[in-house]
Amino acid sequence: MKVSFNELQGLSRKAFSGIGFDDGDANDAADVVAWMEAHGLGGITALQKGLDFLLNEDKSKAPELIYQDADLCVVDAHNKTILGHASLAIELGYAKCRARGLSVTKIRHCHNRMLIVGYLSRIASRNMSVTAFWRNAHEPLTEILVSFKSGDAEPEICMYSLPSTPDDTEPNDGITLIMVNHVNLLPDLKPDAPLNDLLRQDRDAMASWHERSLVEGIEVDTALWERLKTLATKMLVEASDDSRQGAGAGTNDND
Amino acid sequence: MISATSASAPNNLRPASEVMKLERLGSMFASRLSFVRSLMRKMITERWQITNTVFDLDSKGHGLAIYRITTPGNCYHCVIFSRDLAPEQRSDRVIAEAWDVTFAVVEGEAEDSLLEQMAANVPLQEAGRQHPRVLVLSRANKSLRNFSQFAASLAAGQQPNPAWLTAVGYLYRTTAVYGNGKFGIADFARLEHNPDFNRPFAAQMLAVYVLRQFSIEQLNHLAKVQSPEQAAPLHPELQRYLGVGNSTGLGMAPFLINHPQLIQQWVYGRERALASARQEPASEHTHAKLRALMARAVKHLQQTRTEDGDQTLRNQETVGSVAEVIDWLDRTPAHHALYEELITWAHSHCSLETQELINTMLIELYPELLDGLEDELGCQESMDLQPDMKARQLKDLIDRKFSWALTYREDCPEDNYWFWYRSAEKEEPRLGIRGTESGAEKETALAVGPRISRCHTKLERFLQRSPNAMVVEFLMAHPEQKECVRRIQTLGETPYGEIRANLWHRDMKPMHLLRTKLSFFGASRFDPKSDRWVRITLFQGAPLSAELSNHELSPEKLDDWGFPLEPVIEAGESDQTLQGGAL
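Chains as they are written, first to last, in this note's numbering: chain C, 224 to 478; chain R, 1323 to 1905.
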């Protein structure tokens, strides 16, 4: 079925509230999913993949700051989705960069990492050059590099397989963010387009996808849509005769 | 589109402490910057054409009508489905499932395949899946009394009594006018670069305007069906005096609270207009014009009927108060600082409604100076954190700009009386009494004041431990405060910021929230049906679509339709035999 951007954003927000997200996180998560989908980056697919996980994770435990100095911070997301409080880890990196010119933020043990792109778009729009880097553990081992120029809402994204598997004893479930606020990092991403390049998405493609989304609407799986609706109803109050009076209106307008 | 910052503010803006009080916002009137006025002005200056292309109605007025809207650069169609409605189904509430008419404005041509899709979905409204080329989706119910009286009069070859339209100024009442992506229709983002509809609610207002045209033509059709030989068409003066009603309730409140940047931009636009107008030197001409406008307004208010006791008293008080303003103007000749003197005098002698009426009329005096502001009432809505702000600066910001919120008392029952929620019945917004009614655990976060107060309390405690911390460190300790903090940081930088009221307080009047939004829409004839439900009229007095392309009528004359008065129809044209049935 086709839905509008606003509809996807609105229902996602209500569903995230129904799941138990705080208002701010519900708003951010919904914005991220809708933005990713409208820009051709699979926001809905990522949500669909992560929904069961989201429903079962412990919302009470926030990501934990395990190290910081003036330029660097390391946050343990405790195997939670990036849609939750991870935005604060990003904001911490942003704050450090504003103070020092460059910051490195490592978010460890997090899920749904691709969705971080949606939040980074907001950070980049606030005049920050942002590069995000992470590896996927499955075969073939891949790296994903996302680079926003300062002030741009859309990034350049490149996913490529590694020519050989390095000796890697650490789990590949983290993200590294590098922010710079005076120069642009990685203005040209892999300009030589290597043969093992698996995915490359540029700003123009994302902008035209966005334009098309506004004209044609956004395709959503009906079953997912119904599931989001069911989650959203958790924030609705059952009707009763008393509650019907709460709208302050009559029930008939035959005058 | 611009975003307001303190840096761009004129120096004689009224303070937020005065303007953003809910009671004052709830006393405002439509002005020339209101959305119906600015849309009409655009239609007048650009000579938009609205022509009926399909009028396939049966003898009961049921069927399909299509109107083509041609602007300088684009064309649109308004597709209207009229059907029979059982009396027991006629409800203005959002929980209704059927209506007398359902309609939609669609971008571009209305080809057969699109019409087929619309016929299957537009009548279902929220329950349908709407086409992405639909810009506005709406529905309306008949004013049964006016419809039957008007049709009977015209069928008898007589004009209806104008007093009927003074009592109820429309044939149809819209009960929701949806835009911005609802139920699959086009997002507002798609219209942001469309000069026809890039102002707030412009497309929605056009849909309402076309319904007015349809209501006139449907009425004439019904009269002619009843009496083909004798029927008279509705007199042009009555056509002009006919508006479109709107019935609305608490649904207005979530919009006002959830779009604070937009609301502040609307207020900022209006206040900038007032600030510019009041510093102009009054001339003999503007003095006379102001007096004439006030005299028209007093008559309009005298002609405003409502069964609501409080609103009747407010109208009477305003009528008396405006009469005093006119006396004041009669004894005070035009001079350099006339407007400032009037505002100062009114502040201590007049009701809030009268004070705001004066402001509305001052804005009316200077179209060349102020009409450009109508393009500055939109904004890009985005609330971002300033994570590197010092937490103590955040506390200072709250102390400085949000002190009104800190009067909230956690342990005071009066301060926590109401809770806002959405019902499982079509998500209808409702108010419940905390501790008495169930559902408070699912309340929607509309009470910004208490949220800011709670945030402030947590911030004070945090600062005792971490006096030099940044805001982001406060949020890592209190992540649930993220939304509140970025709202404070965003709105704290604007001239007007938040509506200053505790929406949980027992004395909070929801009607003020409704009127705030409706005045920006351009509503008149406020007719409360309860403390949280109101009927209003839009476009009453507005030019007719045929007049938009009449080059003999000046744009200035066509634009002068605020505070309309009951027309006087020549003897013999009005049907006196039915008089008394409506009032």
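Worth flagging that the hints you see were computed from the coordinates, not collected in a lab. Keep in mind the model is a prediction, meaning the values are calculated, not measured. Glycine residues also receive a C-beta, built at the ideal position from the N, C-alpha and C atoms. It is possible that part of the hints are untrue.
[Unchecked claim] Reference excerpt, derived from the structure (chain R facing chain C, CB under 7 angstroms, subset only):
1) D1414
2) R1415
3) M1798
4) K1839
[What the hints assert, rightly or not] To give an idea of the chain C side of the interface with chain R (calculated C-beta under 7 angstroms), a few residues:
5) K225
6) Y290
7) S466
8) G471
Numbers of unmet hints, in rising order: Violated hints: 4 and 6; rest satisfied.
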